[in-house]
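J.: Quick note, the sequences are listed as chains U and D, same order.
Per the numbering used here: the first sequence = residues 1 to 167.
Per the numbering used here: the second sequence = residues 1001 to 1252.
By construction, these hints were calculated from the structure, which means they are not laboratory data.
Keep in mind that the hints are not guaranteed to be accurate.
As the list claims (entries may be wrong) - Using C-beta positions, here's what the derived DEER-type ranges look like:
1. Glu-133/U - Lys-1056/D: 42 to 52 angstroms
2. Gln-6/U - Lys-1122/D: 46 to 56 angstroms
3. Glu-1051/D - Gln-6/U: 54 to 64 angstroms
4. Pro-1023/D - Leu-36/U: 50 to 60 angstroms
5. Leu-36/U - Glu-1240/D: 57 to 67 angstroms
Said to hold, decoys possible - Computed list of chain D residues with no C-beta within reach of chain U, every gap over 12 angstroms:
6. Thr-1020
7. Arg-1095
8. Tyr-1110
9. Asp-1119
10. Val-1191
11. Ser-1238
Note that CB positions come from ideal geometry on N, CA and C, so glycine has one too.
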Amino acid sequence: MSDKYQEIELHQVRWLVISSYLMGIIFNIFALREPLLIILPPLGLMLVLFWSVQLLRNTHLITAFLIGLLYDGLYQTLLGSHSLLFVLLTFFMLRMRLRFRSYRLWQQGVVIGFYMGAYQLLHQFFFSPTLTEQTALLYWLMPFFSALIWPGLVVLMRGLSNRISTL
Amino acid sequence: MASDYYGQYMGSFRNVITSTLEPLERVADLPVQVHHWYMQGVTDLALLENELLQVKTENLMLKARLQRLDSLELELDRLQRLLGTTGRMSAQSLRVASVLYYSSSPVSQYLTINKGSMDGVKTNQAIIDAYGVLGQVTSLTPTSSRVLLITDPDHQLPVRVQRTGQRGILTGLGHDKLNLDFVPLSSRVEVGDILVTSGLGGVFPSGYPAAEVTQVIHSPGMSYLTIKAKPLSDINSSYEVLVLSNSRDEHE
């Protein structure tokens, strides 16, 4: 699958990157209303991970920090706590992003599932959310769900960025 | 993180973040608005007329109660003067706001209302609805403010039991559940007791109903009773809420 990656520079897709982050946050804001949508992963983080694999010239750590701050504002949590989680996971992704690019899409999904599992464990440790029986199941299913949506996210974002960069 | 945890130093920074998120929240609200708009279009006229009639009747009843309350307030004022205590009743002014948005995630429970710092809303002001206390303002943007609900796991509210005057702290547990903490085993709290704000702590004015006791558990070996309660306010479907502000604040 690695041949699918085209070398794209940040300046070619800057607006796509920014608008994808905004859309990710909007989806997460929408999910706040409905307790059952707790299964939706933090799309901001998934997009930071995607762009850190796609755009190799940047580290994306500052972006991860800023997006994390927005999530702190969104979830009314301690300022910097989501940022710390986001930066940590982005850092781990930076360590293996070249290898990650060579994986098939479903393998990438599995890796992302592990990442999100780690995120959810830390999330539980940091924020100790109050869960009911129903939401607890969905809460812990989030990594599986993120593994499922990762291929779709990659295909969509890669298609868009390839199209925009060739314009 | 430390400065946010140990103090209110990051309050204005949090306001900046909330202001950044506000347009995104409005965009996320669009599908719901469209749904409401569509539903309004198809609502039956007879249903609306019926609702109007109900509201008019309720208004009449409330006006009648208000007349009695006015005279009671005067009487209380007179009695307090006789006793020589300083009356602090009716020092609040009300402002109506509508709910723009809400969060019911397990990490935080809050409302966003459509009045902000430009409308004179300040942090820590109490928010009530027709039935009881909803929460308090935690962060502000120029045109909206965020209200931490009393059911939020981070929220604690000083209350007293209306019937006995027993004081306690009402802690949010998320999912519309509350716990009444620090009530000694010897106190006589019963299921169905109404908990009203005690006014201690200085954030919430005293005397507003907050919750109703649903379960009292005597656990042996514990120094306090385990008391569960449910909020009286319509936390999930309030659309219009009231912002309480002290008249003293407004003169400042």
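J.: Is the Cβ of Thr-1020/D more than 12 angstroms away from each Cβ in chain U?
T.: violated (7 angstroms)
J.: Is the hinted range of 54 to 64 angstroms satisfied by the C-beta distance from Glu-1051/D to Gln-6/U?
T.: The hinted range 54 to 64 angstroms holds for Glu-1051/D and Gln-6/U, with Cβ atoms some 59 angstroms apart.
J.: Please check whether Pro-1023/D and Leu-36/U have a Cβ separation lying inside 50 to 60 angstroms.
T.: violated (26 angstroms)
J.: The output says Ser-1238/D does not contact chain U. Does that hold with a beta carbon cutoff of 12 angstroms?
T.: About 14 angstroms separates Ser-1238/D from the closest Cβ of chain U, which puts it past 12 angstroms; holds.
J.: Test the statement that Tyr-1110/D is away from the interface with chain U: the closest C-beta pair must be farther apart than 12 angstroms.
T.: Given a closest Cβ separation of 6 angstroms, the condition is violated.
J.: When you take the CB atoms of Gln-6/U and Lys-1122/D, is the distance between them in 46 to 56 angstroms?
T.: Check passed, 52 angstroms falls within 46 to 56 angstroms.
J.: For Asp-1119/D, is the shortest CB-to-CB distance to chain U above 12 angstroms, so the non-interface label stands?
T.: Answer for Asp-1119/D: holds, closest chain U Cβ roughly 21 angstroms.
J.: May I ask you to check that Val-1191/D keeps its beta-carbon over 12 angstroms from the closest beta-carbon of chain U?
T.: holds (22 angstroms)
J.: Compute the least Cβ-Cβ separation between Arg-1095/D and chain U, then decide whether it is above 12 angstroms.
T.: holds (23 angstroms)
J.: Assuming the hint says 57 to 67 angstroms, is it satisfied by the Cβ distance from Leu-36/U to Glu-1240/D or not?
T.: violated (27 angstroms)
J.: So the hint says 42 to 52 angstroms: do the beta-carbon atoms of Glu-133/U and Lys-1056/D match that?
T.: holds (43 angstroms)
Violated hints, listed in ascending order, are 4, 5, 6, 8; each of the other numbered hints is respected by the structure.
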